[in-house]
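Engineer: This is what each chain is made of:
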Amino acid sequence: MQSQTEQESAPSSSFKTKKLDFTSLLDIIIGAVIFFAGWQAVFWLHLYPSFLFPSPLMVLERLIFLAKSPNPKFNLGASTLITMERLAAGFTISVGLGTGVGMVMVHFRRFGRTMNSFCVGLQSYPSIAWVPFAILIVGLNNYGIVFVVVISSVFSMMVSTYSSLRNIPPIYVKAARNMGEGGVSLFKNVMLPASFPSLITGIRQTWSFAWHALIGAEILMATIGLGALLELGADFAEMNQIIAAMVIIFIIGFAVDRVLFSMVEDRVRTKRGLNQIPT
Amino acid sequence: MGEELTEERSNTIPIFPGTRLITNRILELRDLRKTHVRHNGNQKDDLLVLDDISFDVDEGEFVTIIGPSGCGKSTLLNIIAGMESYQGGDVVVSGHRVSTLGPDIVMIFQEDSLFPWLTVLENVAFGLRNKGMPKEERKKTAMKYIELVQLEQFAHSYMHQLSGGMKQRVAIARGLAMNPRILLMDEPFGALDYRTREILQGQIQEIHEKTKKTILFVTHDVREAVSLGDRVILLSHRPSKIKREYAIDLPRPRSAEDPQLHGLINEIQRQLKEEVKFAEPNGTGISA
Ligand SMILES: Nc1ncnc2c1ncn2[C@@H]1O[C@H](COP(=O)(O)OP(=O)(O)O)[C@@H](O)[C@H]1O
Ligand SMILES: [Mg+2]
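Chains as they are written, first to last, in the numbering used here: chain X, 1 to 279; chain S, 280 to 567.
It is possible that some hints are incorrect.
Okay, derived cross-link-like pairs now, DSSO-like style, lysine-lysine, Cα gap no bigger than 30 angstroms in a straight line [to be verified]: (1) S:Lys492 with X:Lys174; (2) X:Lys174 with S:Lys520; (3) X:Lys271 with S:Lys414.
These stretches of chain X come out as covered by chain S in the derived footprint (C-beta under 8 angstroms, 3 or more residues) [to be verified]: (4) 24-30; (5) 98-108.
Derived from the structure by calculation, the hints contain no laboratory data. No experiment lies behind these values; they were computed from the predicted model shown. Note that CB positions come from ideal geometry on N, CA and C, so glycine has one too.
Between the sequences and the hints, there should be enough to build the whole structure, so can you do that?
Structural biologist: As structure tokens, this is what we get:
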């Protein structure tokens with residue numbers, strides 16, 4: 001073998017990958033401080049009576065009260081838990097069913113095309129507008145709520161599975177077949193990993209649809225849960241409870257989307273060199 | 280692989296009764312015809328691409344195929360690899376008609392076909408699982424070929440960490456690791472810069488000397504064709520026929536700078552220019 005090798009070295013050293021670093025964490029903290037300070041300032045202006053516009057401290061007090069409450073309808077832990085259970089059930093069903101149907105759509109071209117148009121249409125249907133249908137056909141219970149969650153998010157998963165699989169560069173499949181790969185093994189070892197970066201974006205979107213639908217459905221259909229906590233707050237004109245529930249809902253959404261999903265997405269993209277920014 | 284063929288089609292030819300001379304013929308193309316069906320909206324029209332192509336390749340030969348862009352070089356390799364159907368003639372590999380694709384004939388593509396979710400080692404070992412090799416052996420075999428292309432420091436790197444030339448070396452290692460009977464290369468260095476290309480042209484010759492693989496190498500670069508091939512097959516414009524064949528019997532490693540090759544390079548370049556003139560306007564342009 002010739003001793004000469006290419007002059008160019010691996011380009012990895014001249015690239016930097018994007019990361020959630022110290023500066024952006026600092027920015028978030030500064031942003032939060034400004035937000036709470038502004039809130040407190042508006043409170044001090046007394047534009048509204050304090051029961052309609054509580055201070056951050058009053059909301060915190062209510063949060064502590066809710067956390068300690070022995071009544072499961074008000075208990076923060078119990079409410080959060082049941083909400084997360086419904087979310088986990090609905091989201092899992094959506095991802096499983098959506099991926100399955102999406103795969104079938106790729107396999108049967110005509111079915112796929114037709115189904116795709118339907119899914120896009122159904123996806124723009126407001127999730128809350130499924131509630132009356134769900135109440136009558138499934139019931140005013142947990143199953144009804146999970147039904148609304150699934151029906152509001154499953155079509156998004158179908159569409160994204162369908163488009164992720166169809167957008168795999170054909171060269172990967174061609175090369176794999178050339179090496180004797182086929183059937184389930186081709187799907188598992190090539191098509192799934194090849195479509196993964198776009199699939200994870202689809203899963204993230206599906207989660208977002210499921211989460212929005214769940215809170216809406218809980219407000220209308222649940223007696224216990226974070227959505228029910230909002231509704232109870234409105235019934236008793238308890239603004240600190242409403243805002244307390246809003247804060248928890250915000251934190252869960254932020255943690256799952258901005259932390260969990262974005263971390264997974266970032267990992268995958270960095271590993272594949274999709275996050276490279278030339279320096 | 281398809282059915283067993285009759286004796287005269289087989290790769291052994293009896294000379295005297297009871298004696299056989301192994302001619303080592305590994306690939307035979309007989310009157311190969313291929314039409315592509317093109318869809319323009321509702322209309323379909325047939326495009327004759329390969330028109331009665333016949334040639335043989337012996338085991339261990341390094342054959343380069345050159346022709347104007349769009350003449351059907353990739354189509355020809357796809358057919359030999361069993362990835363495309365054909366309408367007439369025979370493609371016979373070691374006495375078997377090619378009907379389905381299998382890991383016996385491996386293609387190295389011009390485009391980047393390496394899997395970005397796998398490391399260099401995992402990419403090279405990828406096809407070995409289908410050969411029923413246990414895990415440790417797959418790793419050892421893959422490592423052997425990674426060493427052959429001198430990328431052992433990069434065995435655990437991902438594709439985006441490699442340069443274009445390194446990626447093509449990984450692709451070559453992946454192809455060789457499959458231990459195919461025939462290695463097909465479709466303009467593998469086409470996307471590389473001049474300098475990298477020259478180095479890889481030297482390396483592929485060395486690899487060929489070491490492994491004695493049968494290689495069919497498609498290129499649209501005359502200098503590459505003559506410096507690599509034991510034989511150069513020149514295809515005409517579409518519908519493609521074999522225009523000329525040139526045997527090159529010069530010691531290796533060679534390069535296009537070799538003064539003995541100058542005459543041949545000029546001659547092939549002249550022939551090729553003639554073909555490009557004939558080619559349809561929509562079929563021209565320097566593309567893969
Ligand atoms: N799958 C296909 N369907 C229809 N036409 C094709 C297909 N593949 C290639 N062609 C046409 O066949 C001709 C030969 O293509 P190709 O084998 O890629 O040429 P080359 O590799 O020599 O540049 C081109 O005109 C191309 O447009
Ligand atoms: Mg080509």
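Engineer: Next, verify each hint and record whether it holds.
Structural biologist: Status of the hints after comparison with the structure:
A threshold of 30 angstroms between alpha carbons decides the hint, and for Lys492 (chain S) with Lys174 (chain X) the separation of about 22 angstroms falls inside it, so the pair holds. A distance of roughly 27 angstroms separates the Cα atoms of Lys174 (chain X) and Lys520 (chain S); the hinted pair therefore holds under the 30 angstroms criterion. The suggested pairing of Lys271 (chain X) with Lys414 (chain S) holds, with an alpha-carbon distance near 23 angstroms, which does not exceed 30 angstroms. With 0 residues carrying a beta carbon less than 8 angstroms from a beta carbon of chain S, the segment 24-30 of chain X misses the three-residue requirement, and the given coverage is violated.
Here the segment 98-108 of chain X counts 0 residues with a CB under 8 angstroms from a CB of chain S, which misses the bar of 3, and the coverage is violated.
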